[in-house]
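Those protein sequences? They're chains Y and C, same order as listed.
Each residue of the first sequence is one higher than the one before, counting from 399 in the working numbering.
Each residue of the second sequence is one higher than the one before, counting from 3 in the working numbering.
Since the hints were derived computationally from the structure, they do not count as laboratory data.
Some clues are possibly wrong.
Computed far set for chain C versus chain Y, every beta-carbon distance over 10 angstroms [claimed, not checked]:
#1 Arg17
#2 Pro47
#3 Pro76
Here are some of the chain Y residues that sit facing chain C, going by a computed Cβ distance under 8 angstroms [claimed, not checked]:
#4 Pro716
#5 Ser718
#6 Lys724
#7 Ser725
#8 Met726
#9 Gly727
#10 Ala728
#11 Thr732
#12 Ile737
Incomplete in silico selection of chain C near chain Y, CB under 10 angstroms [claimed, not checked]:
#13 Lys84
#14 Gln92
#15 His99
#16 Leu166
#17 Asp168
Note that this is a predicted model, so its numbers are computed, not measured.
Glycine included, each C-beta is placed from N, C-alpha and C at the ideal position.
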Amino acid sequence: MTDASQNAGPMLAADGTPLKQSLARSLRRQKLRALLLVAPLLLFVMFSFIVPIASMLFRSVENGIVENTLPLTVQALSKWDEQSGELPEEDVYDAFVRDMVVAIDNKQHTRLGSRLNYEETGMSSMFRRSGRQLNKLDPETDGPFKDQLIEIHDGWGDPKTWAVIKTHSPAVTNGYFLNAVDMRRTPEGAQSQPEDKQILIKLFGRTLFMSLVITASCILLAYPVSYLLATLPMRVSNLLMILVLLPFWTSLLVRTSAWKVMLQQQGVINDTLVWLGLVADDARLIIINNQIGTIIAMTHILLPFMILPMYSVMQTIPPSYTRAAKSMGATNWTTFWRIYFPQSIPGIGAGSILVFILAIGYYITPEIVGGTKGVFISNRIAYHISSSLNWGLAAALGTILLAVVLLLYWVYDKIVGIDNVKLG
Amino acid sequence: MTETSNDAAFVEFQRVQKSYDGEILVVKDLNLALPKGEFLTMLGPSGSGKTTCLMMLAGFETATHGEILLDGRPINNIPPHKRGIGMVFQNYALFPHMTVAENLSFPLEVRKMGKSDREAKVKRALDMVQMGEFGSRRPAQLSGGQQQRIALSRALVFEPELVLMDEPLGALDKQLREHMQFEITRLAHELGITTVYVTHDQTEALTMSDRVAVFDDGRIQQLAPPDQLYEEPENSFVAQFIGENNTLEGVVKSIDGDTCVVQLDDGSEIDAVPINVHKAGERTKVSIRPERVEFNKDRLHADAHTLKATVKEFIYMGDVFRFRMSVAGNDEFIVKTRNAPDAVRLAPGQEIEIGWLAQDCRALDA
Numbered sequence: 399m400t401d402a403s404q405n406a407g408p409m410l411a412a413d414g415t416p417l418k419q420s421l422a423r424s425l426r427r428q429k430l431r432a433l434l435l436v437a438p439l440l441l442f443v444m445f446s447f448i449v450p451i452a453s454m455l456f457r458s459v460e461n462g463i464v465e466n467t468l469p470l471t472v473q474a475l476s477k478w479d480e481q482s483g484e485l486p487e488e489d490v491y492d493a494f495v496r497d498m499v500v501a502i503d504n505k506q507h508t509r510l511g512s513r514l515n516y517e518e519t520g521m522s523s524m525f526r527r528s529g530r531q532l533n534k535l536d537p538e539t540d541g542p543f544k545d546q547l548i549e550i551h552d553g554w555g556d557p558k559t560w561a562v563i564k565t566h567s568p569a570v571t572n573g574y575f576l577n578a579v580d581m582r583r584t585p586e587g588a589q590s591q592p593e594d595k596q597i598l599i600k601l602f603g604r605t606l607f608m609s610l611v612i613t614a615s616c617i618l619l620a621y622p623v624s625y626l627l628a629t630l631p632m633r634v635s636n637l638l639m640i641l642v643l644l645p646f647w648t649s650l651l652v653r654t655s656a657w658k659v660m661l662q663q664q665g666v667i668n669d670t671l672v673w674l675g676l677v678a679d680d681a682r683l684i685i686i687n688n689q690i691g692t693i694i695a696m697t698h699i700l701l702p703f704m705i706l707p708m709y710s711v712m713q714t715i716p717p718s719y720t721r722a723a724k725s726m727g728a729t730n731w732t733t734f735w736r737i738y739f740p741q742s743i744p745g746i747g748a749g750s751i752l753v754f755i756l757a758i759g760y761y762i763t764p765e766i767v768g769g770t771k772g773v774f775i776s777n778r779i780a781y782h783i784s785s786s787l788n789w790g791l792a793a794a795l796g797t798i799l800l801a802v803v804l805l806l807y808w809v810y811d812k813i814v815g816i817d818n819v820k821l822g
Numbered sequence: 003m004t005e006t007s008n009d010a011a012f013v014e015f016q017r018v019q020k021s022y023d024g025e026i027l028v029v030k031d032l033n034l035a036l037p038k039g040e041f042l043t044m045l046g047p048s049g050s051g052k053t054t055c056l057m058m059l060a061g062f063e064t065a066t067h068g069e070i071l072l073d074g075r076p077i078n079n080i081p082p083h084k085r086g087i088g089m090v091f092q093n094y095a096l097f098p099h100m101t102v103a104e105n106l107s108f109p110l111e112v113r114k115m116g117k118s119d120r121e122a123k124v125k126r127a128l129d130m131v132q133m134g135e136f137g138s139r140r141p142a143q144l145s146g147g148q149q150q151r152i153a154l155s156r157a158l159v160f161e162p163e164l165v166l167m168d169e170p171l172g173a174l175d176k177q178l179r180e181h182m183q184f185e186i187t188r189l190a191h192e193l194g195i196t197t198v199y200v201t202h203d204q205t206e207a208l209t210m211s212d213r214v215a216v217f218d219d220g221r222i223q224q225l226a227p228p229d230q231l232y233e234e235p236e237n238s239f240v241a242q243f244i245g246e247n248n249t250l251e252g253v254v255k256s257i258d259g260d261t262c263v264v265q266l267d268d269g270s271e272i273d274a275v276p277i278n279v280h281k282a283g284e285r286t287k288v289s290i291r292p293e294r295v296e297f298n299k300d301r302l303h304a305d306a307h308t309l310k311a312t313v314k315e316f317i318y319m320g321d322v323f324r325f326r327m328s329v330a331g332n333d334e335f336i337v338k339t340r341n342a343p344d345a346v347r348l349a350p351g352q353e354i355e356i357g358w359l360a361q362d363c364r365a366l367d368a
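Isolated chain C (complex conformation) (with noise of 0.2 angstroms):
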């Protein structure tokens, strides 16, 4: 499921381990490698052990079990100020009571830096945000967007190998937040600095990073590039919490190589691709996208089985239409189509055959 021990990983959890009350594992077994370079997004609901992984990282909680390694040197021991180790928070944590540029030689002022190198290299921090002009502002002058740029530049200005993100985009509005993600990006990049990103939101997650790992009850559920991540999900978590999915549950009847057939719980048979089933008469809860579903039968296979569908709801969406339906007893079956010169506006109460392709639709753990 993750990867293991690896040579060139930059930072490494090896069978982590996490517990705050001795009785429950926050962070169960965790082995994850990065190498450099690399921006990686730790994404998962509240509760997940993605922040605490950060945290253990960062140096702030301690691992109950298992090794962290960084650039090969186990770091379990070694406290957080001689990590060298950059950090954005969630509120910023922009110190109130100095200035901006105050703020930035902070860093630098503890590594004993001269005071000209410090002005040369927060002022090249600050251009770096576009905040050029703002150093001697106080951070509670300055907008949330501001603020978050500022954050951004002081964990950076002390040139860190690896920074840390902890929902850092968390309060700002949407347009504000989809700027911010490119910007976090091209700095990234720009800088060839290793990331490890903190988020709950899934957008965020498949727009910035290089990988994703999911995290769900402590464990990581799958690690895998984004695009991998959405269409092919490993289990139903990972279908669920990514993107949106219809799920429709039943039992595998033939498996057959990489094809199977469902009969779903009112008796109808589908396609699927087998992920997570092994053999005939298993349940199987199998997971398609919404934009991946037709109800144009000449898209289809000749013999591609097909399931009746009642339209119950249709949701003008700008560059999407949006059906809502009742199909083989799920009344929250969504489709997608795109607003296209040719596309169908179906009404509420009408009835229609939809299906998919077989390696759209994914049957996956129950």
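Excised from the complex, chain Y in its bound form (with noise of 0.2 angstroms):
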């Protein structure tokens, strides 16, 4: 409070209290009522959406397993320099043995080393071999163990395994954001993964060149639709829009699918190419199961994503000002592009966002017609999450795809500004 609101005071409604609080009062049934109207929405939104992918992002950084499985050995590395290229001292043998007993028992250790597995392949196998006969062991009695067990998995007698064990040991880990693209956490810090498994990055551009691709053709093939939808008379119009519709009240999976007999080299389009003598018989044009059946059936799904936004915004520029420039001495073609263009840009905006968000996160199209050569980072999430099980990878993957998607969005909103855009 300043000494000027000191002497005037604040405002008094009638019976002496503050206005502002007078008017909160007033104002509080009406926001407890709205509070109460979107509870039920917001709860399911929060339990059904939020909740669970907070929970999957969070699993992209979360890495609990070895220090919960090994807590004592994970004490025990951080005394060791895997730096030295020696083994590690007996402490380390005997805690691990004590830890794996524990972990045994509790069936934790092959899960442990299916984790493990993911940054040195291997590691799943020399766990569970290993957990058999170390079952056998007491670690009260039977210690020194480090020669034993060398004896049971020479594994044990490499100090990169060790090295790995120590690296991947905090509970919170960037190794999974590492693998995202396409390098590894190791002992001397983030390095390229080995030539043959960079394929991340590369699926991320071809994701992100695909997207635009098609962005671009739904653009090209939505814009005179669009014109002629909000050009022709009402009846006309909205018989042409349930032509537009229609693909929507179909299932996804079924359209795809057609696409799949369409494009095929032994499909409707080569067949009628032959037929017509354009397309030798021998020489059949290789249309789906690499990017460009990928890109053919994307921009047929998301088109009408595209025709719809620009439509209400073709919708509301009236005809007078074509008419306006047209008196003004303007040929159609400078009327189009000077008057008409630039306040359709609007739509154009809208329906690109549209578009390019929906195909940057594409799954099913391109796992029918991509083939290899036209799948997308999500196919890549999916074999992870349903296929591999490296949840943490997929969350990774998910979690830069997020963060493509809002980083696009913003350097849209830069340069051409939310504020252009307009569904109607």
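Combine both chains into one complex, guided by the hints.
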């Protein structure tokens, strides 16, 4: 409170309470009512959307498994210098056996094996095979363990094994993110993956590139259609609009499968071209199971998302603008380019954002018609979620995808301005 | 009824018809000729075909039949952008993505005019409507009246000889509208441009125009200067449409040269000028302006017919008094008197006798 406001005092309502307080009280009921009305949806979205996504994203850095399964080992390893090239001392082996006996009882050791296998191939089988024999040891009486362990599996006699365990022992790791950008966490710090394992960056690049191509071809195809819809008389344009929306009412899977029928080498398009003599029978076009197939099918599927915002923006451009331009002497082309087109840009912007963001995370269509060369990053995420079960990496890829979309959104806002985006 | 082919005509409609659906004629046989420099207003209720005529002249609609001539040349097949006609639209149609100056410069750019010439002309056009400082604003930052001025100067900036205006003042409030009416006529006369102005507001038509064409049902009902239109309507539509008007229905009893006697439906008789009636026995609507009704007997001819009237309502309007009376079965008969020092205020219920000079009362078509 400044002097001035103390002198003047706050505005008072008729009964002497401060006006702000009185206003807040009168609005409280309204706010409470509004909150109650949205509460069911809010809770639903919270538990079915926000919480799962947040927990999924958290998995991209979460790495408690090493520390939880091998607490004593991790502690003992902290004194060991992984750069020395020497094997750790007996205390580490001793701690490891104690940890493993507990872990084997709880059947945790194979899970740890698979976790470490993401970082170093072979770890999974090493843990599984050692498990059976380690179980017979009694940590109190059977020591020392160093040589016994090396006897069980010579992997335990390799400093690299211990270095891997130590490197991945922190509860929070950047390892998944490094993997997601074709790098890995090593005792020497972050390093590039070997050449033959560098696929994810390329996949991100391909996803972005193909999404751009799909967005561009949607713009080219949707613009004339939207223009027609916006300028034709209502009765005709409603009929056309049904044709635009028709694909919406058909299952996505059905439409994509239809493209498979159309595009394959023995498919409708190739047969027709061969029959017309445009393509030789032994040189049928390869337009499926590659990038072309994905682009064709996804352009078709996403086209309505481009047409609808374009249409609703074009509908608001009064015909008197083009008439005015013509009355002033502008030719049809000048009228379009200088007057109509600039006013339709917000529609292109809205449609592009929508299509691009949908395309970048698309899964079903590239999975079915993309083959190996036409798949997106989302197909890789799905692979890690359901086949390799490397959820941490899947979460890291998903987080990066989300960040890229948000970044692009921000860039778009800077360049085009989100205020220019109109959906109607 | 309308002027026919005229050698001096700058704009000419010859037997123009227009139909949108091939079933109904929106414009039926339009003949109209404007000399250079005239300010002509097309006035009529909505759907009377006036805007269609304007759009045909501008080139946005094609005539179904007939010929439109501009400066002696038929323009039916010339596209709008080659006609060189300035146009002001109802909602101004200022391009929202351009500044005011860019809006004005657009017609000059498409004419491939040099940059310095363009800037000089834009400046002159803005000064002409007292909007010199607003060149860098966007249309959305201007008030309705300012947008109107810009639209006007944009239509004039490329110096067209003919300017069309489609209800340009419809969106303005009353005061601004009156001011702009004056401004538009001033500019039109100063620059010597021929103007075709479309409106449904009769005050606008009367105050601005050299001549007014009253449209109804796809035809010109009357084409005349404003005073003639108001004082000498040629048919009952025009009499009703222009200004306030009292109508009494009856049958012509006798015609004697330029006066006639009409027996009203309640049996009383009045004097009138026969306009659209030709013989006794015809049904007619007589029309009389509220301000021409007299209830001071001294001002009437000694032998003039008078009618009994009962005052129903007295409305004080400041400069005038307005009485609603019941006359010959018509409860909506209006009489206006000027608020002069000796003006009488009649009270409701009062019974008086009213009359008028025969030449103020016109017997029109029924």
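Now the hints, each set against the structure:
1. Every CB of chain Y lies more than 10 angstroms from the CB of C/Arg17, the least distance being 25 angstroms, so the non-interface label holds.
2. Every CB of chain Y lies more than 10 angstroms from the CB of C/Pro47, the least distance being 22 angstroms, so the non-interface label holds.
3. Even its closest Cβ contact with chain Y, about 19 angstroms, leaves C/Pro76 beyond 10 angstroms, as expected for a residue assigned away from the interface.
4. Annotation: Y/Pro716 was flagged as interfacial toward chain C, and the flag holds, the nearest CB pair being 7 angstroms apart, inside 8 angstroms.
5. Restraint check, Y/Ser718 versus chain C: the minimum CB separation of about 4 angstroms is within 8 angstroms; hint holds.
6. Interface hint status for Y/Lys724: upheld, as the beta-carbon distance to the closest one in chain C is roughly 4 angstroms, under 8 angstroms.
7. Below 8 angstroms, beta-carbon pairs count as interface contacts, and Y/Ser725 has one with chain C at about 4 angstroms; its hint therefore holds.
8. The restraint placing Y/Met726 at the interface with chain C holds, with a minimum CB-CB distance near 3 angstroms, inside the 8 angstroms limit.
9. Against a cut-off of 8 angstroms between C-beta atoms, the interface hint on Y/Gly727 holds, since the closest Cβ of chain C lies about 5 angstroms away.
10. Against a cut-off of 8 angstroms between C-beta atoms, the interface hint on Y/Ala728 holds, since the closest Cβ of chain C lies about 5 angstroms away.
11. A cut of 8 angstroms between beta carbons decides the hint on Y/Thr732: the least distance to chain C is about 6 angstroms, and the hint holds.
12. Satisfaction of the interface hint for Y/Ile737 is found here, the shortest Cβ-Cβ separation to chain C being roughly 6 angstroms, below the 8 angstroms cut-off.
13. With a least beta-carbon distance of about 8 angstroms to chain Y, the hint placing C/Lys84 at the interface is held under the 10 angstroms criterion.
14. For C/Gln92, the shortest C-beta to C-beta distance to chain Y is roughly 7 angstroms, which falls under 10 angstroms, so the interface hint holds.
15. With a least beta-carbon distance of about 5 angstroms to chain Y, the hint placing C/His99 at the interface is held under the 10 angstroms criterion.
16. Restraint check, C/Leu166 versus chain Y: the minimum CB separation of about 8 angstroms is within 10 angstroms; hint holds.
17. Restraint check, C/Asp168 versus chain Y: the minimum CB separation of about 9 angstroms is within 10 angstroms; hint holds.
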